[in-house]
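A.B. asks: As given, the protein sequences belong to chains A and B, one line each in that order. In terms of the numbering used here, the first sequence opens at residue 1 and continues consecutively. In terms of the numbering used here, the second sequence opens at residue 1001 and continues consecutively.
Derived from the structure by calculation, the hints contain no laboratory data. One should not assume that every hint holds.
To be verified - Here are the simulated distance ranges between beta carbons: (1) A/Leu-159 with B/Lys-1169: 28 to 36 Å; (2) B/Ala-1217 with A/Lys-49: 26 to 34 Å; (3) B/Asp-1138 with A/Gly-273: 53 to 61 Å; (4) A/Lys-299 with B/Pro-1061: 22 to 30 Å; (5) A/Ala-179 with B/Asp-1138: 36 to 44 Å; (6) A/Gly-273 with B/Asp-1088: 51 to 59 Å; (7) B/Arg-1136 with A/Lys-49: 16 to 24 Å; (8) B/Leu-1098 with A/Glu-213: 54 to 62 Å; (9) A/Val-160 with B/Lys-1052: 21 to 29 Å; (10) B/Gly-1029 with A/Asp-285: 25 to 33 Å; (11) A/Glu-313 with B/Arg-1136: 13 to 21 Å; (12) B/Lys-1167 with A/Gly-185: 52 to 60 Å; (13) B/Lys-1167 with A/Lys-299: 27 to 35 Å; (14) B/Arg-1089 with A/Gly-137: 52 to 60 Å.
Unchecked claim - Below, simulated DMTMM-like cross-link-like pairs (lysine to aspartate or glutamate); rule was C-alpha separation at most 25 Å, straight line: (15) A/Lys-194 with A/Glu-171; (16) A/Lys-95 with B/Glu-1059; (17) B/Lys-1140 with A/Glu-52; (18) A/Lys-48 with B/Asp-1138; (19) A/Lys-49 with B/Asp-1138; (20) A/Lys-39 with A/Glu-52; (21) B/Lys-1139 with A/Asp-119; (22) B/Lys-1167 with A/Glu-192; (23) A/Lys-48 with A/Asp-36; (24) A/Lys-299 with A/Asp-274; (25) A/Lys-10 with A/Glu-294; (26) A/Lys-10 with A/Asp-285; (27) A/Lys-299 with A/Glu-26; (28) B/Lys-1167 with A/Glu-305; (29) B/Lys-1169 with A/Glu-294.
Claimed, not checked - Over 12 Å on every C-beta distance to chain A, these chain B residues come out as not near it, computed from the model: (30) Glu-1059; (31) Arg-1065; (32) Ile-1184.
Think of the CB as a built atom: it goes at the ideal place given N, C-alpha and C, for glycine as much as any other residue.
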Amino acid sequence: MSETISIKPKATRQAFGESLARLGGEYPNIVVLDADLSKSTKSELFAKKYPERFVELGIAEQNMLGVAAGLSLAGKNAFCCSFACFLAGRFETIKISVAYPNSNVKMIGTHAGVGIGPDGYSQMGLEDLALLRTLPGMQVFQPADEIECIQIMEYLATLVGPAYLRLTRQELTPMHTAAYRFVPGKLDVVAEGKDVAIFATGGPTMHAVRAREILKGAGIDAAVVNVPSIKPFDDAGVQAWSKRVPLIVTVEDHNILGGMGGAVAEALAGASGDRARLLRHGIPDVFGESGEPEDLYTKFKLDAEGITSVVREALGR
Amino acid sequence: MAGSPSLDALEQTANRLRIDILEMINVAGSGHPGGSLSAIDLITAIYGLVLKHDPKNPEDPDRDRFILSKGHGVPALYAVMAEHGYFDRALLPTLRKLGSPLQGHPVRGMLPGIEACTGSLGQGLSIAVGVAIGARMDKKAFRAFCVMGDGEIQEGQVWEAAMSAGKLKLDNVIGILDFNKAQIDGLVEDVMPIEPVEAKWQSFGWKTRRINGHDFAQIAEALTWATTPEGAPKMIVADTIKGKGVSFMESAVLSWHGSAPTRAQCDQAVLEIRAKLAGHDLPVSLSGKNAGAKS
């Protein structure tokens, strides 16, 4: 397991904003768009530093996506920012204006999942991974902490083509060291284990790490695998894990249909011979609701205790 | 613009390209003749008079970007592009066929010179706005031209884009509305009226001008006006006729949105157009090598 470094917990949206403002100096072709949420998405950090490369487009997300495609056509790497739900809700524009012509557009969806809390379901992106990963050429990433977010941002600063980055409103406890290297299309093995492999992505990943400790107390040796790269997806890595453990549990703050768990299921379907059983854990195809983020994570069993109980029930131990 | 063709020559070119449009759609067996024929004069004039473009260098970073937001009118654009040498005319009869870069609606990346993927209506103007913002950021002189359909501006995204161009006072965005009065389910004024259309654009911060979209003197004058920066985006509202140039289409505008002419209908239409072209160069027939392929 990686040694935890002594930086404070940080929301990945904050890590994104700081990273974007820093990358703006290095990459003059980066431009940033927001749709009246720059204070929340943290794109304001870039806007303050590079106002001439920031465009406020008001509450009109589909236009923002098209404008980003146009900026790509003018030679820019256009980052457009909003809540995950409001970007994914403009799927048709993403599909035709952004993805189809392979636009150099980076879509930043913050406030992912039930982790947004009291605002309730209308503000929760719970389907965004499922939607975005169906588009050919679209890359889809979700960091589990600040260091990973910074490294994904560095990748996106030079990537020519469309990508979607899914970020949290809530703070995430660091789980990587500065030595960590994010690799697109690869799993990140946080801790080895032989009884079960917990595949986690985004907000709940830090809870999966703590669940491993609780499970250890119950005599269960759990691996924790962080999944920052939803697309490209590490099919071979998943298939290899399916030969090493009897059970894979996927954990995500997203509908269990079509997200990271869906990607794992698709990869497993292609594995021949004996392989692990799969339990997809997340938001069980229901709408989200209002509540404090911690209470929602407890309700949906996305906190350490919840993940522990889900794993123990699946193992019957 | 130095070396510009005469307006009479442009008009004759547009008429020749009408034949290409009809032949292409006939060979394809499907497509949108009405809205292609209503837009061909406008597109021919834009490419011939004001668009800064180089078919030999279609990704020149300083080029003007032309976006056909009403993507179903793409046979008109393909005809104009072939005329300017973006690709060989021999490709025209491959329209809509498996493996052809001439997709049923324009696709950027499959055919050099196509700037955007359109056909899902209402998206092109946002892209034009982004191009214009990019030009302004880099202090470049290139402009974005966006041809929209009248029914198309029923889409809400168009007005989001209009609002943003108005806010930013983008005088390097030129909109052209092909106002041919008809859409699939009926007349625009019945399906979802858009009038008073100039007032709508003006209220979003645009300058407007209304012209006869088949009168080359008026088109040329409007394009000169539209490409003269005056601190605001400009919209040319062009009154057009769906199926312009083919009598049996002009008299039944609701029948020719999305149906291909049969071989006999195509021949009749071509005869009509050739009569107007007497004394001018005639296009090489597209149907010759495809005779019998589809009729």
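A.B. asks: Between the alpha carbons of A/Lys-10 and A/Asp-285, is the straight-line distance 25 Å or under?
C.D. replies: Between A/Lys-10 and A/Asp-285 the Cα gap is close to 28 Å, so the pair fails against 25 Å, i.e. violated.
A.B. asks: Taking only the CA atoms, is the gap from A/Lys-10 to A/Glu-294 under or equal to 25 Å?
C.D. replies: 16 Å, holds
A.B. asks: If you draw a straight line from the CA of B/Lys-1140 to the CA of A/Glu-52, is it 25 Å or shorter?
C.D. replies: 15 Å, holds
A.B. asks: Is it true that the CA of B/Lys-1169 sits at most 25 Å from the CA of A/Glu-294?
C.D. replies: The hint is violated at about 46 Å.
A.B. asks: Measuring from beta carbon to beta carbon, are B/Ala-1217 and A/Lys-49 in 26 to 34 Å?
C.D. replies: 51 Å, violated
A.B. asks: If you draw a straight line from the CA of A/Lys-39 to the CA of A/Glu-52, is it 25 Å or shorter?
C.D. replies: Status holds; Cα separation ~18 Å.
A.B. asks: Given the hint that A/Lys-194 pairs with A/Glu-171, does the C-alpha gap stay at or below 25 Å?
C.D. replies: 30 Å, violated
A.B. asks: Does the Cβ distance between B/Leu-1098 and A/Glu-213 fall inside 54 to 62 Å?
C.D. replies: Given a distance of about 57 Å, which is inside 54 to 62 Å, the answer is holds.
A.B. asks: B/Arg-1065 clear of chain A by more than 12 Å, beta carbon to beta carbon?
C.D. replies: 6 Å, violated
A.B. asks: Would the pair A/Lys-299 and A/Asp-274 pass a check requiring their Cα atoms to be no farther apart than 25 Å?
C.D. replies: 34 Å, violated
A.B. asks: Would the hint linking A/Lys-299 and A/Glu-26 be met if the CA-CA limit is 25 Å?
C.D. replies: 43 Å, violated
A.B. asks: Lying within 51 to 59 Å: is that true of the beta-carbon distance A/Gly-273 to B/Asp-1088?
C.D. replies: 53 Å, holds
Hint check: violations occur at hints 2, 4, 10, 11, 12, 13, 14, 15, 21, 22, 24, 26, 27, 28, 29, 30, 31; the rest are consistent with the structure.
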